[in-house]
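Could you build the full structure based on these sequences and the hints that come with them?
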Amino acid sequence: MDLYFNEAAKFTRWVTAAGVLQEPFVLVDVGVQGGEHQHWNLLGDHLVVHGFDALEEAIMQLRRQNWRANRHYHAFAAGKADEERTFYFNAANPTASSMYRQGPSRFDVQRREQTRKVQVRRLDTLFAEGLIPRADFLKIDVEGFEMDVLLGAQELIGAGVLAVETESNFGISASLRTGHFSAISDTLVDHGLLVFDLAFNRVPRASFQRALVAKGLPEASIHEGIGKPSTLNVLFCRDAIQETDEADSYPTPPRPLSPDQLIKLIIIYELHGLNDIAVDTVDRFTTSLTPRVDVVRAIELLADPACRNESLDTALGRRVRELEQSTSWRITKPLRALKRAWQKISSST
Amino acid sequence: MEDLSFNSRAPFTRWVTTKGLLREAFSVVDVGVQGGASVRWDLLDDHLVFHGFDAIAEVIDELKQQNAGRTNRHFHAFAIGAADGEREFYVNPANPTASSMFRQGGNRPDPATEQARMVPVRRLDSLLAAGVIPRCDFLKVDVEGFEKDVYRGARELLQAGVLAVETETNFSISPEYPKSHFATIAEIALDHHLLFFDLGFNRIPRASFQRALARRNVKLDTGSNMLGRPTTFNVLFCRDLVDEADHKDNYATPPPPVNVDQTIKTMIVCELYGLSDVALDVAERFAEKLGHRLDVDHAIALLADPQCRAPDQIFELTRLQRRISDLERSTSWRVTAPLRAFKRLLRRSDNGA
Numbered sequence: 001m002d003l004y005f006n007e008a009a010k011f012t013r014w015v016t017a018a019g020v021l022q023e024p025f026v027l028v029d030v031g032v033q034g035g036e037h038q039h040w041n042l043l044g045d046h047l048v049v050h051g052f053d054a055l056e057e058a059i060m061q062l063r064r065q066n067w068r069a070n071r072h073y074h075a076f077a078a079g080k081a082d083e084e085r086t087f088y089f090n091a092a093n094p095t096a097s098s099m100y101r102q103g104p105s106r107f108d109v110q111r112r113e114q115t116r117k118v119q120v121r122r123l124d125t126l127f128a129e130g131l132i133p134r135a136d137f138l139k140i141d142v143e144g145f146e147m148d149v150l151l152g153a154q155e156l157i158g159a160g161v162l163a164v165e166t167e168s169n170f171g172i173s174a175s176l177r178t179g180h181f182s183a184i185s186d187t188l189v190d191h192g193l194l195v196f197d198l199a200f201n202r203v204p205r206a207s208f209q210r211a212l213v214a215k216g217l218p219e220a221s222i223h224e225g226i227g228k229p230s231t232l233n234v235l236f237c238r239d240a241i242q243e244t245d246e247a248d249s250y251p252t253p254p255r256p257l258s259p260d261q262l263i264k265l266i267i268i269y270e271l272h273g274l275n276d277i278a279v280d281t282v283d284r285f286t287t288s289l290t291p292r293v294d295v296v297r298a299i300e301l302l303a304d305p306a307c308r309n310e311s312l313d314t315a316l317g318r319r320v321r322e323l324e325q326s327t328s329w330r331i332t333k334p335l336r337a338l339k340r341a342w343q344k345i346s347s348s349t
Numbered sequence: 001m002e003d004l005s006f007n008s009r010a011p012f013t014r015w016v017t018t019k020g021l022l023r024e025a026f027s028v029v030d031v032g033v034q035g036g037a038s039v040r041w042d043l044l045d046d047h048l049v050f051h052g053f054d055a056i057a058e059v060i061d062e063l064k065q066q067n068a069g070r071t072n073r074h075f076h077a078f079a080i081g082a083a084d085g086e087r088e089f090y091v092n093p094a095n096p097t098a099s100s101m102f103r104q105g106g107n108r109p110d111p112a113t114e115q116a117r118m119v120p121v122r123r124l125d126s127l128l129a130a131g132v133i134p135r136c137d138f139l140k141v142d143v144e145g146f147e148k149d150v151y152r153g154a155r156e157l158l159q160a161g162v163l164a165v166e167t168e169t170n171f172s173i174s175p176e177y178p179k180s181h182f183a184t185i186a187e188i189a190l191d192h193h194l195l196f197f198d199l200g201f202n203r204i205p206r207a208s209f210q211r212a213l214a215r216r217n218v219k220l221d222t223g224s225n226m227l228g229r230p231t232t233f234n235v236l237f238c239r240d241l242v243d244e245a246d247h248k249d250n251y252a253t254p255p256p257p258v259n260v261d262q263t264i265k266t267m268i269v270c271e272l273y274g275l276s277d278v279a280l281d282v283a284e285r286f287a288e289k290l291g292h293r294l295d296v297d298h299a300i301a302l303l304a305d306p307q308c309r310a311p312d313q314i315f316e317l318t319r320l321q322r323r324i325s326d327l328e329r330s331t332s333w334r335v336t337a338p339l340r341a342f343k344r345l346l347r348r349s350d351n352g353a
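Line by line, the protein sequences are chains A and B.
Residue numbers for the first sequence follow this note's numbering, so the first one is 1 and each next one is one higher.
Residue numbers for the second sequence follow this note's numbering, so the first one is 1 and each next one is one higher.
Simulated from the structure, these hints should not be mistaken for laboratory data.
Note that beta-carbon positions come from the ideal geometry of N, C-alpha and C, so glycine has one too.
Hints should not be assumed to be uniformly reliable.
[Stated by the list, open to error] The calculated BS3-like cross-link candidates involving lysine-lysine, where the alpha carbons are at most 25 Å apart (straight line), are:
1. B:Lys248 - A:Lys10
2. A:Lys333 - B:Lys289
3. A:Lys215 - B:Lys343
4. B:Lys179 - B:Lys148
5. B:Lys19 - A:Lys215
6. B:Lys19 - B:Lys343
[What the hints assert, rightly or not] Not the full set, but computed from the structure, chain A residues with beta-carbon under 10 Å of chain B:
7. Leu198
8. Phe200
9. Arg336
[Said to hold, decoys possible] Covered by chain A, according to a simulated footprint, are these stretches of chain B (three or more residues, beta-carbon under 8 Å):
10. 127 to 134
11. 158 to 168
So, in structure tokens, the structure goes:
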């Protein structure tokens, strides 16, 4: 379940095109399989990506697809120790591959696991060695191993990470008895990173699906919104205004932000459709931004009521119908049926 | 405020309450009861024992009048906190539901006009010990930031067998909540084996954004719940009986055992909050134990209800976004790209001709 992406992002397009942003914007993407999110493309040449994945084939593919000089893909897992570990590759769904062996579940999960040994590196080690620079944005999606990544990245985060997007969940486990989300949130709050947005899906339990079928009803689709919130994507950000106006809320004062970091923070807010916070930040830090940015113009660009377009429901609905009714989708129906049959046969064997 | 889902169909709850399959009262304690008891509890009919608390005496007087003759509904004009005593309370006449133990101000939204008054404060544990309230099955807390104090004064009550908690919360930090309000409340809930089960939230755009739009004569529908950072959350914490039985090592201390009535009550809570799949899973997992009391197959048939929750607007939007992304990334879509390119080319040449 993706966080919102504000494709219009007028401020971001302006500051990158007009050379207002004078530093590169560094994205560290842990679990980069499939590539970094398209919203970073709006940063143009300012973007520097360091992507990590334990799956060597995913990295090789990304290297083939992205020949640009500012894109770096590394075939390591990130963790809390520099070591070699067993990794469980899920051939049925490679994005669900994990450092953890999947156990029995109350949910129907398709699995075909193969174990392999992978290299694990701490992001802090890579930072100290100069392999990665100071990061502005850290994205983590590593199927339950997120806390290990964060524990190995305390120096990197402390050096100036402005926002973290991470996959999480509200479950508890023997290793995270306070819960996955609470553990992550507690760690990031120490760096002044607060929850700014979240998106989640719901997954119905397998017994419910079986009972529906027993009643002659179709299984509930994952899109129907039945079940507890399952997987979360959470955006944690520095809150420049609260850090200034309510400094006593922070147990330790977060590192002060430079004008470039303020601009980057505003970019992050805007790209995630949080334009109201972006406007508020420009409004609050007018004095420090003025030497770099035409503040009036910035507010004009950011004051976009369509930043999380309220008419999206109809626009999105139209697009879904358009895609589903297209010739392309209809003529490939037999191929999808064949794929489903093949998957059923493979999972039963 | 985005309320948690309410499944008004609730066929299982209606069945167990009308057929006498639930043999105990279902006790609800509602702290911050302004506006009255949630309609979801009406389905419990005579099984319900309701105790509502609010610091605003006139709110309680009105609720007593409205509920006259309902002997199982009790309303008390106390604030609930961590210590018995008296405290200053700030009434917000413009929006009484935003009245609080804390003085507003300093926040980015415009501070409201407030009236201070002294109110009596009682610990829920004191009220339990004094017999004013019974052992509670469900605790609801909505007290505008004073939640931590309510829970600190309710450790005995929580320990005595609370099966679920609905609470207002947020992800802000403050000197009172340095790890965030949510983290503090979740930790207390977890101490009593109550796990996160569901959430609803609203979004409120900041005042400076609204002013910037107003300068351009753009009026924002702030009730649309689309713009701004998630602000206030309603969260449901609940005992997860299946997880407790199957993953004991997830818990720092062993959860107290539950009897058949408590198991049924947990299923009722889940069903009323639209989590029928979880309720059904409990029925299946504890079929043997429940079988002595009720027809488990019938319970499962009632709970297997695909309309147990209506998708909310935000969920619908994200569902559509996800669907588009899935379609556009699918092999079907990618392998037919040359066909679409060819079609575009034909169209262009037709137009040119």
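Hint by hint, here is what the structure shows:
A C-alpha spacing of about 52 Å is found between Lys248 (chain B) and Lys10 (chain A), which places the hinted pair above 25 Å, so the restraint is violated. For the suggested pair Lys333 (chain A) and Lys289 (chain B), the alpha carbons sit about 47 Å apart, so the restraint of at most 25 Å is broken. The suggested pairing of Lys215 (chain A) with Lys343 (chain B) is violated, with an alpha-carbon distance near 45 Å, which exceeds 25 Å. Taking the CA atoms of Lys179 (chain B) and Lys148 (chain B), the gap is about 13 Å. The hint holds against a cut of 25 Å.
For the suggested pair Lys19 (chain B) and Lys215 (chain A), the alpha carbons sit about 23 Å apart, so the restraint of at most 25 Å is met. Pair hint Lys19 (chain B) plus Lys343 (chain B) does not hold up; C-alpha atoms about 64 Å apart against a cutoff of 25 Å. Satisfaction of the interface hint for Leu198 (chain A) is found here, the shortest Cβ-Cβ separation to chain B being roughly 6 Å, below the 10 Å cut-off. Proximity of Phe200 (chain A) to chain B holds as hinted, the smallest CB-CB distance being about 8 Å (cut-off 10 Å).
Taking 10 Å as the C-beta contact cut-off toward chain B, the hint placing Arg336 (chain A) at the interface holds, the least distance being around 6 Å. Here's how the region 127 to 134 of chain B fares: 0 of its residues keep a CB closer than 8 Å to some CB of chain A, so the rule of at least three is not met and the hint is violated. Only residues whose C-beta sits within less than 8 Å of a C-beta in chain A count toward coverage, and the region 158 to 168 of chain B has 0 of them, not enough to reach three; the restraint is violated.
Violated hints, listed in ascending order, are 1, 2, 3, 6, 10, 11; each of the other numbered hints is respected by the structure.
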